[in-house]
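Student: Position chain B relative to chain A; hints supplied.
Just so you know, the protein sequences line up as chains A and B, in that order.
To convert a position in the first sequence, counted from 1, into this note's numbering, add 9.
Going by this note's numbering, the residue at position 137 of the second sequence is 121; the numbering climbs one at a time, nothing skipped.
Just so you know, the hints here were simulated from the structure itself, not pulled from any lab data.
Cβ coordinates follow ideal geometry from the N, Cα and C atoms, glycine included.
Check the hints yourself; a few may be wrong.
As the list claims (entries may be wrong) - Far from chain A, some chain B residues (derived; all Cβ distances over 12 Å):
1. C21
2. M40
3. R41
4. G43
5. L126
6. I141
7. L191
8. V203
9. I221
10. A299
11. H354
Claimed, not checked - When the alpha-carbon atoms are kept at most 35 Å apart in a straight line, the in silico DSBU-like pairs for lysine-lysine are as follows:
12. B:K235 / A:K220
13. B:K200 / A:K136
14. B:K149 / A:K67
15. B:K235 / A:K200
16. A:K433 / B:K149
17. A:K133 / B:K6
18. A:K359 / A:K315
19. B:K356 / A:K502
20. B:K200 / A:K108
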Amino acid sequence: MVDMTRYNAIKDPLAENRIFLSRVVAVFIIVLLLTFGLIARLVYLQVVGHEHYSTMAKSNRIKIVPLIPTRGIIYDRHGRVLAENIPSYSLELIPEQIKDLDDTLQKLQQLLDIPDEKIEQFLKQKKREKRFSSVPLLLRMSDEEVAKFSVVRPYYPGVDVHARLVRHYPYDILTAHVVGYVGRINEKELKSLPMSEYRGTHHVGKIGIEKAYESQLHGQTGYSEIETNAQGRSVKSVASDDPVPGANLYLTLDIDLQKTAYQALEGYNGAVVALEVKTGDILVFTSRPGFDPNPFVYGISSKAYKALQLSDDRPMFNRALRGQYPPGSTIKPFMGLAGLEYKVTDFQHKLYCPGYYQLPKVKHKYRDWKKWGHGWVDLNDAVTQSCDVYFYDLARTLGIDRMHDFLQKFGFGEKTGVDLVGEKSGLLPSREWKRKTRKQPWYPGETLIAGIGQGFMQVTPLQLARATATLANRGRVVMPHLVDRIVNSNYTKAGVSKSKSQINLNPKNVEDIVSAMVNVVHGARGTARTLKQDINYLIAGKTGTAQVFSVKQEEKYNEDEIAFKLRDHALFITFAPAYDPQIAVAVIVENGGHGGSVAAPIAGKIMKQFLMGPEEVVDAN
Amino acid sequence: MQTETRSEQFVPSSFIGNLLRKLHIDIPLFIGLLLVCSLSFLILYSAGGQDINILMRQGARIGVAFILMIVLAHINPQHFHRHSAALYIFGVLLLLTVLLVGQIGKGAQRWLDLGLFRFQPSEMIKITTPMMIAWYLSGYTLPPKPMQLFRAAVLIIIPTLLIAKQPDLGTSLLVASSGAAVLFFAGLSWRFMLITVAALASLTPVLWHFMRDYQKGRVLTLLNPEADPLGKGYHIIQSKIAIGSGGIHGKGWLGSTQAKLDFLPESSTDFIFAVYAEEFGFSGCLGLLVLYLLIISRCLYISVQAQDTYSRLLAGSLTFTFFVYVFVNIGMVIGILPVVGVPLPLISYGGTSMVTLLASFGILMSIHTHRKLLPT
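For reference, chain A alone in the conformation it holds in the complex (with noise of 0.2 Å):
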């Protein structure tokens, strides 16, 4: 219809000619008429009201300046101060108000010995910042240097000492991967962040409890009108508006228990999370080797921070948060649970374990880890001799989707939802995965390797240690929180809420499996009966072993042999007491060779402290 009509219509150029003109006449008016209506108000501002602004503009003498809240303080779970703030002297220049900013720099770089770099940091950040605001040279000045500066302060307008809050985290390389650390602003987090918030913050959370609650603890600024004199320097104050200090945060974390945890990591890279059962309280979350934090905050010299990045034993990488190993056997009581949960074996079903297992009419022959095998193992044998003939034989009637969609539900393949910045979620296998990812079709012999937790499957220390006490709990699902509470000047408020799902398993199949557990501990052939001794509980644990490299068939392997970086790595998950259950605690160490020999004293010490109490350790020793 429309297309019938459009350009058939007699046109009509006069008339038209005609109302356009008088439309342009009547925009040229409207033009005119808002034109007078803006220079009606510059009049108004510029020349009735010049000498008002005039004064109002010297006036401005009178500067606003930002209140910087005091960052809120960071508490173990039995008030131990984790990070604090700690009053420092810095050196502060405003450029504005100096003549010749390189000619000042060069005098007081001979006189307090500042290095080179020092000054270049400052020239970067004096280019971020606006002419007239302070930007600091020196941070964290001794009182010599304050006082060699007072002396010569008068021939320096525009230089300035000032006392300022500095963030210092006295646990240093204990809390470096939990607490985390904060840093200058940089320009990326200068667009991010509310621009009115942060006036005068120097300083933001860059990871760790620092980056996950940047908003909690960095508080509200305030303001203080101050009146100047002609230099700039500050008078008497007018007004202020009060800051608002940033919340205090409790972490469930236990600092003992994780310098237990990094002490027993001595001489391997590794990480330790340890987990309060019933609540997902996080005790224990190590990362060795971790680092010093504290230089981060007043500037870390780019010769110490490229040491730590190019370091082989990655000391800034937080493993038990992003490190992703596979489970190896530790992944067997899950499955051995599956088995059960999908009745496709009981309890007492043996199978003959001749030291390998092969498929129907193909060739390969996958080993155990025992050459000569381990002879008719039931489920019992086959969880604490570690059996991994029975766990192929399993993982084969199982398949591969009944094996993905029951390990999913204790969390595995999912970040646990921390509240932590940067978590991994880890891998687990499945045939849909690997058609999107691989465009690969699902091979019988990868089941048979993941039912192991080897091939593909991938696991964090935080995500195994979620899916241990979720075992301890009888399938009641753990949320894994560092925060327990918020605490304001007006509220206190909790972390974050605790899960409430259930997975739905069969009671008895569950006991099942965890008495095989105890007996990885204590009984006559647990691969982790080390652990035994002068305890008055009983734990439940599982022992593994993730293979860094594949072994060729055939062919022998000997530990001593193969290079340190190439061992295997050593895993342990555990919780105890078995039959009330409070700490579940999942170990990793890298290189390790053995979980039984390696790993699981580390857990045994922190259940022991954990259990029976600090001073019980030290008579021990």
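Tutor: Below, chain B without anything else, positioned relative to chain A:
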């Protein structure tokens, strides 16, 4: 036609004059634009803290924008006419893409990253919307019938809402006004406009309901800046102090103290007029407004001279949009309009608006320089 002869003789057959004419450049308009752009350098140098890098970047942008202008001036307006609908649809699709990509990211999403450079589809829409409406209406006898008006309104509202959703209030306002301007030039009846304005006014509470908190804040701040002098109102108060303290003659180039001080974080972009007003005073402001008025007058003249309905409507709308830029920006800086993100045309620091504006001037030049020499 007297003016026309004058302008043809504006630069006597000198080399430069011939060259400019060959390039399809309208000389009076070109001179006006050059003047404003040079003024931009002066003010930016002062507002940007005398940073030569800012000037270099702005220079590069102006260069690119001028080249685009000359390229567009070369294209016969018939081509614009023929491709109006396609360009419009393409622009709307780009907007949808940006929204979808934006939903995956977070916060305001206005950019399309093309690898080599980033592109803001909402800028292109500022030109393609009036093109579309002009093309649609020029197919009928003017003034438009109610049904045509309704369809045109829908065509305007689609991109406007898409941009408002980004959210970019300033640009959606400019797009809506550019489309509405076409309707106005097409002879929309005064009575109809009155009714629409009344209806919109009655819809204000509904609109208020849908506005984001920060947008509400800006309106409230305008009504009473002193209510929150340290927070949102500070911007406007400081801006007024800067402009007012400039007086009649201003404090001289590089002499501004207030506008560059403390809390005018956008002194190089949206609030650059405050710096200008403080340094050059009322007389300088008057001069700038006159310069803008001259450009607008020349553009309106070009619209009247245009030979077909499409060119006329498009030229008129582009001219009006340019004025909306000027009025909204200055109005907000001097505190009579709420703060919306509209730059001071051809002067504010920033590339995208510069390119779009000079592109629209390129279209105006094309309309003017491709006229057939018919005796009328």
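Student: Can you name, in rising order, the numbers of the hints this structure does not satisfy?
Tutor: 5, 9, 10, 12, 14, 17, 18, 19, 20
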